[in-house]
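Asks: The primary structure of each chain is shown beneath.
4 protein chains.
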Amino acid sequence: MKRIKIKFLILALVLITTLPVFSQVKKNSLKLPVIPGYELLKCDFHMHTVFSDGMVWPTTRVLEAYQEGLDAIALTEHIEYQPKSEDFSSKDHMRSFQIAEKTAADCGIILIKATEITRKMAPGHFNALFIKDANIFETFVNKTNTRDGSNIVETLGEAKKQGAFVFWNHPWFQHPENRSEWQPIHEELYQKGLISGIEVVNGERYDSLVYKWCLDKNLTIMSNSDIHTPMVQYPGQYRAMTLVLAKERSEKGIQEALVDHRTIACMDGQLFGKSEWVKPLVENSLIVKSRQINDKSASLEIENISGIAYQLVVLDSPGIKLRLNSHLNIFTIDAFSQNAITVSSSKFVKGEEYSVKLNVLNVQVAAGKPLEYVIKFRL
Amino acid sequence: MKRIKIKFLILALVLITTLPVFSQVKKNSLKLPVIPGYELLKCDFHMHTVFSDGMVWPTTRVLEAYQEGLDAIALTEHIEYQPKSEDFSSKDHMRSFQIAEKTAADCGIILIKATEITRKMAPGHFNALFIKDANIFETFVNKTNTRDGSNIVETLGEAKKQGAFVFWNHPWFQHPENRSEWQPIHEELYQKGLISGIEVVNGERYDSLVYKWCLDKNLTIMSNSDIHTPMVQYPGQYRAMTLVLAKERSEKGIQEALVDHRTIACMDGQLFGKSEWVKPLVENSLIVKSRQINDKSASLEIENISGIAYQLVVLDSPGIKLRLNSHLNIFTIDAFSQNAITVSSSKFVKGEEYSVKLNVLNVQVAAGKPLEYVIKFRL
Amino acid sequence: MKRIKIKFLILALVLITTLPVFSQVKKNSLKLPVIPGYELLKCDFHMHTVFSDGMVWPTTRVLEAYQEGLDAIALTEHIEYQPKSEDFSSKDHMRSFQIAEKTAADCGIILIKATEITRKMAPGHFNALFIKDANIFETFVNKTNTRDGSNIVETLGEAKKQGAFVFWNHPWFQHPENRSEWQPIHEELYQKGLISGIEVVNGERYDSLVYKWCLDKNLTIMSNSDIHTPMVQYPGQYRAMTLVLAKERSEKGIQEALVDHRTIACMDGQLFGKSEWVKPLVENSLIVKSRQINDKSASLEIENISGIAYQLVVLDSPGIKLRLNSHLNIFTIDAFSQNAITVSSSKFVKGEEYSVKLNVLNVQVAAGKPLEYVIKFRL
Amino acid sequence: MKRIKIKFLILALVLITTLPVFSQVKKNSLKLPVIPGYELLKCDFHMHTVFSDGMVWPTTRVLEAYQEGLDAIALTEHIEYQPKSEDFSSKDHMRSFQIAEKTAADCGIILIKATEITRKMAPGHFNALFIKDANIFETFVNKTNTRDGSNIVETLGEAKKQGAFVFWNHPWFQHPENRSEWQPIHEELYQKGLISGIEVVNGERYDSLVYKWCLDKNLTIMSNSDIHTPMVQYPGQYRAMTLVLAKERSEKGIQEALVDHRTIACMDGQLFGKSEWVKPLVENSLIVKSRQINDKSASLEIENISGIAYQLVVLDSPGIKLRLNSHLNIFTIDAFSQNAITVSSSKFVKGEEYSVKLNVLNVQVAAGKPLEYVIKFRL
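Residue numbers (this note's numbering), protein chains in the order written: chain G, 1 to 379; chain S, 1001 to 1379; chain C, 2001 to 2379; chain U, 3001 to 3379.
Everything labelled a hint here was simulated from the structure, so no lab data went into it.
Just so you know, not all the hints are guaranteed correct.
As the list claims (entries may be wrong) - A few chain U residues facing chain S, derived, Cβ under 8 Å:
| id | residue |
| --- | --- |
| 1 | 3055 |
| 2 | 3056 |
| 3 | 3057 |
| 4 | 3086 |
| 5 | 3088 |
| 6 | 3089 |
| 7 | 3090 |
| 8 | 3092 |
| 9 | 3094 |
| 10 | 3098 |
| 11 | 3229 |
| 12 | 3230 |
| 13 | 3232 |
| 14 | 3234 |
It should be emphasised that the depicted structure is a prediction, and the values quoted were computed from it without experimental measurement.
Built from N, CA and C at the ideal position, the CB exists for glycine as well.
Bound conformation, chain G alone (with noise of 0.2 Å):
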């Protein structure tokens, strides 16, 4: 049966807010399993519209948004690059949040009200989540070098001033070598508490050495899109996202998480995060069932209930012969899918408990360190 095409699924979506009649859309949102005490909220908190650098209208944001099941978003345009503005009547930096506000209210999005503020390297570009009103951050740009970053004190001091939660963005990006460098003014910034999160991805691009900093620094980590031209997703892939853990569904919910650090960065199938939050979204994304064989076999048959594929790698295990087959090492459980592994034991006692201990390999609770899974089982 032929898949209907998205292109007109989103122009479906379009309707909901002009015409009252009945409309449906297909979504392409990433399935999580539920972490008991939180709200896994699926967040982007970097994106760009034509009323700064991007190529698409502000609304279809949120409609991409609502397709691809996120919780909230932030249009983060730059106040300092503005290459369509003489094609605009207004110069307000928050026209785009305007426009996109009731489409949001409608799809149930949380829309966050934020900016860019844009810098040479160093110190860069920052993001300002939760702030009152963009248009102020004008007043600190250097008319004549309008990239100018000597005043970024003052800048994101006015961020803070707001009760904004700044983050660097893309640490790596204008670099001269196109990789990121903790620079004396990012120190500053960080000593003044002017940066509480830091993008361990952008894009397409996750870099370890910004993972190992957020780490060591205690700062949040921050996985966002980026996104300028229009949003293009295969249903089973989706953008770099943050996922948040949050007490409630809501703005401040969001931001005092954000604070309290309690995120994931999730990119193209990949997780990076604390143990303390990606254990329990592995843990409750598999469900194990075993079955023994024989005196010296079982079988545990892993499902992932779960939208993410999950590599996984089996260590050894006291009292349990794990050899795999050489090219059976690292195995996938694919979304939505099951695995059946038979295990080995000189004997297997009925009534007993074994474990078998694995890495996620696409799930770094450090950088370059997989998670470590153990699954319990008893015949």
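Once you've looked at the hints, dock chains S, C and U against the given chain G.
Replies: Frame of chain G; chains S, C and U shown alone:
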């Protein structure tokens, strides 16, 4: 990331029964929801191996079934058609069962003793499940005309004596016009209680006339692959199978359910079964969340937690304007996916309950009659 | 190997026009065979940007077209419907053309000056291609009732004066019953030579009645996307487009071909066009090799070198037994694939020529009439 | 439109050899370009059926090969390992060849007489192709220790006497460390001219050390599936095969090419072969069109007309600035697809020739050494 190829994984499975090492297999198992009070078992009661006119070794049939997550299978070799017999040393009609038995036990699959009784049309072919010994049926074969159907009553009488459950296979097969016809001999077999079920689906073919007979005569709905060649399924595609609503996952449980007509035919994303059985299957597959948008519109998010895609069409419902956009009057909720639909009313009153009526096009409660499915929601 | 995501590649494309560095883009271009004597051009003559009621910036339309391998496009902004006008500083109706022009030149895409003339049904909407200036059409708009169609003859007369090629868009649009109706005003426009083509396909909809009119009245077959939202296509899926058989790849070449009715509508794997144009397209898409198996059977291997899947049904042919297996009377030769068919005859004579007649179901030479396709082979 | 399932099509194929009716099969054949002067044949010289330790009937191996568009196969049953022998009436080691012969002829597939000579490592397993009779090899089997390799020189000597082409299979197999080791017995066999080829690829495994030996010792590169279970391939995926550059499409042509080392290993989208053979394969797969954008930039459109995806990386080229965007230094041209790349120079002079150097990562001309591929273009 590259998909590991199925062929290799089946190879790995082969090892399960021979080598005492760890192995794993990626399953391609149709995910079904839990139906309270029943074990919903996936069964295929019709297939062949090299021991009649099939092309694979009996253990391969078990491993194919294991990979597809089946609960029970029956190897139904023809008594009367043994094109490879000159190559085989034994004439034992239970040989394929004997060879497959241990692999089935290791895989946790219920292997049912069975055979196919093969006559020219009319009367055609019949499968006898839960037999004790297939060899005795050879005594009924007319050696000069092996497909002579004149003693079919005696033959099926023997099956009945063994306590077998007998069903008529692909009633259209070898009919001169390739269609199903209920002939006097079938009426006789039916009146004498010698056939209890009928294949509404065989392989790629569903027959609506047979479905009508099946319900009219209160026969058990059967749906089987009748596979002769290797079973090749892409991920997310599944063989024709009979879904059995058993009280326990055992041979006995299956037999009791077959006798009590608690089955659903499942083929290529379509279900054929009594409303009594398919309705809870659909209702437990789809989870609906409602959200009020404004006075006049509400959003329903429907999540499909099953592996079956549902094709829905919206019907008029009292007080709710359900005119779909012209292109969207039929929509599909893919396996493990979510769709959002927007409904409008002249006025939605907080706290009141509303209902939307739909037809499920790929679920037929009688020939040509889709299941009615009602979504109730309170705003 | 992971597919590189389209969104990123479009980003890369954006760079083409701004940065003098190497970049690459994965195209999703419908592969068509060479038709001797013609340039077979892929065109989309109907689309919108933020400069009327579309959702993307004009350059994005060019880049989308570049990625789909189109040869020519037209931005057809509504003169009379400018929902975002308060946000824009200019009222120039050529603004979207001006913005897109350089990108089109860089991408080697023919950008045709065009506009959409927008009236209530009847008469409905019309596109004028190859115009000189869109702004003059504003003088015809009734300011108190912008969609008033009373002066449509004058308006299209002005288009004619500019040398434009005018076609009627989506004739069913805003008809109270959502169907196409040839009303007196259309007859008048037609009689006066003010419309030369008609959209047989618009977006996802093909209209068989319009196709009938088109052939009966010798209008030019048009097929366009009318895209408002971002264009999202999976690999191997393509927008509705008009295939133009031009004598040269230029704006002039396209205009000459449109006037001479040398077009094919292409939508979702279906072609609608005169036998004269679609027959060579199909014949140059399929390469057949024959091989004798024995006295009574021969094998035909058909290779499809195009990106269009063909659905074929075999018809009776003299002297050749072409009874398909019941399930196989219709078969599909996928894009870039091969199928092998086996044909039988009472006796195949070496050196003699045989022919097999087929219908191509997805190629309609008139409404509901499939193309006949004959395979000739010599053994 | 629903894909017709492979299982059904193979069923249809079965009919070819039994019923005199029309049938068709959808092939999944790796499309290769024409290499002038040669027939590029797709071959698999290593596979098993139920007549040794395989799981399918011999005709099934032919039909699988037919569907994948192979030109030649060899059924290489073990002489010494016959786990199903008690079920078979005959001990004739040519039985699987005899059963498959007619189907191969009907399908136009070259079926090569062959066997696998099976010893413990060292020396391991060897395939002998183009033998006259496999039964004579049984005389060399040590009946009390069937895998005893002490008389391997005599055994392979007999193969040589029959005019066979012998190659060493999966040199890593049953090595205690699962790696390949060139042991004295291999040196002896090599010095005596008893082995002429070696499996660089077997099933899913490519061994770079074996590839090095192969080129250093001027052995023939072999790549085979060694399939035991049914062959399951998704569309666009293909078994490991040996591409043979033959002077004619015949058994004799294949034998001459093997002896002359004109082969390429093909596995999972990767090619391993001498530059002399893989270079024309790549060059005939990719068609490049150039177009000047302006003084400083040009566009190259690369079309892949083959079924192999090529992974390319751009290298520095004189006078051309080829700095790829950081994320795009490696790119893939999918099967039957087009990519467009933009190159910049300080000044492009009309009429002059330029060249861009690339490496083709998935084509290795020696272990770890990618093919160099140069695109020349004139603006």
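Asks: With reference to the structure, classify each hint as holding or not holding.
Replies: How the hints compare with the structure:
Checking residue 3055 of chain U against chain S: minimum C-beta separation of about 5 Å stays under 8 Å; hint holds. At about 5 Å, the closest approach between the beta carbon of residue 3056 of chain U and any beta carbon in chain S falls short of 8 Å, and the interface hint on this residue holds. Residue-level restraint check for residue 3057 of chain U holds (minimum Cβ-Cβ distance to chain S is 5 Å; threshold 8 Å). With its C-beta approaching chain S no nearer than about 7 Å, residue 3086 of chain U sits inside the 8 Å limit, and its interface hint holds.
A cut of 8 Å between beta carbons decides the hint on residue 3088 of chain U: the least distance to chain S is about 6 Å, and the hint holds. Checking residue 3089 of chain U against chain S by beta carbon gives a least distance of about 5 Å; that is within 8 Å, so the hint holds. At its closest, the beta carbon of residue 3090 of chain U sits 7 Å from a beta carbon of chain S; the interface hint therefore holds under the 8 Å criterion. Checking residue 3092 of chain U against chain S by beta carbon gives a least distance of about 10 Å; that is not within 8 Å, so the hint is violated.
Because the beta carbon of residue 3094 of chain U sits about 13 Å from the nearest beta carbon in chain S, more than 8 Å, this interface hint is broken. Evaluation of the residue 3098 of chain U hint against chain S yields a violated restraint, the C-beta minimum of about 10 Å exceeding 8 Å. Using the Cβ-Cβ criterion of 8 Å, the hint placing residue 3229 of chain U at the interface with chain S is satisfied: the shortest such distance is roughly 5 Å. Interface restraint check for residue 3230 of chain U: the shortest CB-CB distance to chain S comes to about 3 Å, inside 8 Å, so the restraint holds.
With a least beta-carbon distance of about 5 Å to chain S, the hint placing residue 3232 of chain U at the interface is held under the 8 Å criterion. Taking 8 Å as the C-beta cut-off, the interface hint given for residue 3234 of chain U holds, the closest approach to chain S being about 6 Å.
Hints 8, 9 and 10 from the list above are not met by this structure, while the remaining hints are.
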